[in-house]
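Trainee: Sequence:
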Amino acid sequence: MKRLLSAIIACMATLGAVSCLHDTLSDPATRQEGTARLVVEVSAKEALDLSKVDIKVKNKEMPFSFTVQPDASGRAELQLQPGKYDISASAYLRETRSSAAGGADEFLLTRDGIIAPDGTVREARISIPLTVSVPGELVFREIYYHGCSTLDGAAYTKDRYLEIYNNTGADGKTLYLDSLCIAALYPANSTTGSNAWAGRDTIPVFQMFWMFPGDGHSYPLAPGESAVVAAMAAVDHRGRCTSGLQLGKAHFGCYDAQLPMHEIAAGVTPMVMYMTGQGTAWALSIHSPAVVLFKPAMGVRKYMDDALTWERYAPGESSGTRYRHIAKTWILDGVDCADTPSQSIKRLPVSIDASYVYMRSAHYSGKCIRRRLESEEGGIAFYRDTNHSAEDFLTDCTPSPRLKDD
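In terms of numbering that gives the first Met the number 0, the sequence shown opens at residue 0 and continues consecutively.
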C-alpha cells in the first residue's frame, strides 16, 4: 500500500494527475497485496460523455481522497485499502450551465466485497446513476453557522444567518419569496452515527421551520439580489462579538415571541414560525447543519393540517419523537454541511446534494461558506450550482452578507 500511495501522490503532483492516478489504480501490475478491488459504474439517462465525469473517492477513516475519471462506458476499476468509503460523481457542462451529479451511501469495503447493513457480503461494485439538472433559480449564497466569540472571548452563536440569492442571471426574472420556507434537517448534526431516513423520498425537519410571509407578490427578489435571514437575532452584533455583523439590517429574522432567546430589530421583517417539535430557539448546528429552501406543493397551511401524512416516527420506530417531514421534490436548494470528512452522514439525497461541505477552521472562528462565483454579466453575478456542495462552495470565508442599504 505504501508503494501505491507513493504512486498516487506522485501522480497528483503533476498536471496529468487524474489520468495518471486512473492508470495506476487500474493496471494489474501495480496492485498490492492486501488491497481490495472496487468497480464503480456511472450512468446517465441523458446523452453525456461519461469519460468526463469526476468520481471522487473519500476514505472515511483517513484524511485521504482522490478523483478518477471512468472510461467511455462509465466504468472505473480501483484498488483500495479496505475501510469505510463514500463516493460521489459529478460533471459540469459549462456550455449549458447544467450539471450531472450522483453518489453512493457510505459503505465498508473488504477484500471479500462490500459488507451490507445486514452483515452479508456482496460484490464490490458501486453503481451511480447521475441526475442531470440546471442551476437553481434561488440558491443559498452564504451560510454562516460557525459562530464566533464575544468581546470577552466566550463562545457566541446568535449572529448566524442564511443568505438567499436570485441566481437567474443577467437575463433572468424577478422571483417572489412569499410562502417559501427554510429549515434545518434531522439529524441536526453530521456526527450522528447513522441516518434512519437515508434513501427515502421524504426528509425529516428538525424542531421547526420558517416561512417567508406575504400574499404571493409582497417580497420580490430581482436577478442578482439577495435576502439575508438572521437565524436567531436580527440585531446589531457589533458591540457584542468579534464578527461585527450588523444584522439589524437583515431583510428577515427568524423571530417569534414564544422563543425568548430570539431577537429582532425594528425594520426587520419577521419570518413565520411553524413549530414541529419543542424548543426555545432554532437549533441551527454550529458545526454541521443541513439546510434547505423548500415549498410544500399543496401550500404550507394544508401541509401543516395533514399530520396523518406528514408526521411520523423515525423509520423502524413506533414510539418516541414524531417528525415532520418534507418531500425531496419540494426542495429548491439544499446544502449538507459536515464537521469532518470522517463524520459526514448524509441527510440530503444525492439528487439535491451529491456531497457535503465542511469547514477547516475551528468552531467559533467567525467564518462562513460561500457559493463559488461562476461568471458575471452586466454587473450581475451567476453562482455555480451543480448539486455538489464540495465543488459549489468555498469554505472558511469572512462573512459578507448583502444587507439592506449595502
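A couple of the hints might just be wrong.
Claimed, not checked - Calculated pairs, EDC-like style, for lysine to aspartate or glutamate (alpha carbon to alpha carbon, straight line, at most 20 Å):
#1 55 <-> 404
#2 51 <-> 76
#3 327 <-> 104
#4 51 <-> 70
#5 55 <-> 338
#6 301 <-> 316
#7 83 <-> 45
#8 301 <-> 224
#9 327 <-> 200
#10 83 <-> 122
#11 59 <-> 338
#12 294 <-> 395
#13 83 <-> 48
#14 83 <-> 70
#15 172 <-> 224
#16 294 <-> 390
#17 172 <-> 151
#18 55 <-> 104
#19 59 <-> 70
#20 294 <-> 404
#21 51 <-> 395
#22 403 <-> 262
Please keep in mind that the hints were generated in silico from the structure rather than gathered at the bench.
Trainee: Would you mind marking each hint as holding or not holding in the structure?
Mentor: Now the hints, each set against the structure:
1. A distance of roughly 42 Å separates the Cα atoms of residue 55 and residue 404; the hinted pair therefore is violated under the 20 Å criterion.
2. Note on residue 51 and residue 76: the hinted pairing holds, with a Cα-Cα distance of about 16 Å set against a maximum of 20 Å.
3. For the hint pairing residue 327 with residue 104, the CA-to-CA distance comes to about 17 Å; that is within 20 Å, so the pair holds.
4. At roughly 9 Å between alpha-carbon atoms, residue 51 and residue 70 fall within 20 Å of each other, so this suggested pair holds.
5. Using a Cα cut-off of 20 Å, the hinted pair residue 55 and residue 338 holds, with the two alpha carbons roughly 19 Å apart.
6. For the hint linking residue 301 to residue 316, the alpha-carbon distance of about 26 Å lies beyond 20 Å, and the restraint is violated.
7. Restraint check: the Cα-Cα separation between residue 83 and residue 45 comes to about 31 Å, which exceeds 20 Å; the hinted pair is violated.
8. A hinted pair counts as satisfied when its Cα atoms are at most 20 Å apart, and residue 301 with residue 224 does not qualify at roughly 30 Å.
9. For the proposed pair residue 327 and residue 200, the alpha carbon gap of about 6 Å is at most 20 Å, so the pair holds.
10. Between residue 83 and residue 122 the CA atoms are separated by roughly 15 Å; this keeps the pair inside 20 Å, and the hint holds.
11. Between residue 59 and residue 338 the alpha-carbon distance is near 12 Å, which keeps this suggested pair within the 20 Å criterion.
12. Between residue 294 and residue 395, the direct Cα distance comes to roughly 30 Å. Violation of the 20 Å bound is thereby established for this hinted pair.
13. With a CA separation close to 29 Å, the supplied pair residue 83 and residue 48 exceeds the 20 Å bound.
14. Straight-line distance between C-alpha atoms of residue 83 and residue 70 comes to about 25 Å, which puts the hinted pair past the 20 Å bound.
15. Only pairs whose Cα atoms come within 20 Å are accepted, and residue 172 paired with residue 224 is accepted, the gap being roughly 11 Å.
16. For the proposed pair residue 294 and residue 390, the alpha carbon gap of about 25 Å is over 20 Å, so the pair is violated.
17. Using a Cα cut-off of 20 Å, the hinted pair residue 172 and residue 151 is violated, with the two alpha carbons roughly 46 Å apart.
18. Between residue 55 and residue 104 the alpha-carbon distance is near 13 Å, which keeps this suggested pair within the 20 Å criterion.
19. Distance hint between residue 59 and residue 70 is unfulfilled; the C-alpha atoms sit about 26 Å from each other, more than 20 Å.
20. Of the supplied pair hints, the one linking residue 294 and residue 404 is violated, its CA atoms being roughly 28 Å apart against a limit of 20 Å.
21. Distance check on the hinted pair: residue 51 and residue 395 sit about 29 Å apart at the alpha-carbon level, beyond 20 Å; violated.
22. The suggested pairing of residue 403 with residue 262 holds, with an alpha-carbon distance near 18 Å, which does not exceed 20 Å.
This entry does not satisfy hints 1, 6, 7, 8, 12, 13, 14, 16, 17, 19, 20, 21, going by the numbered hints stated previously.
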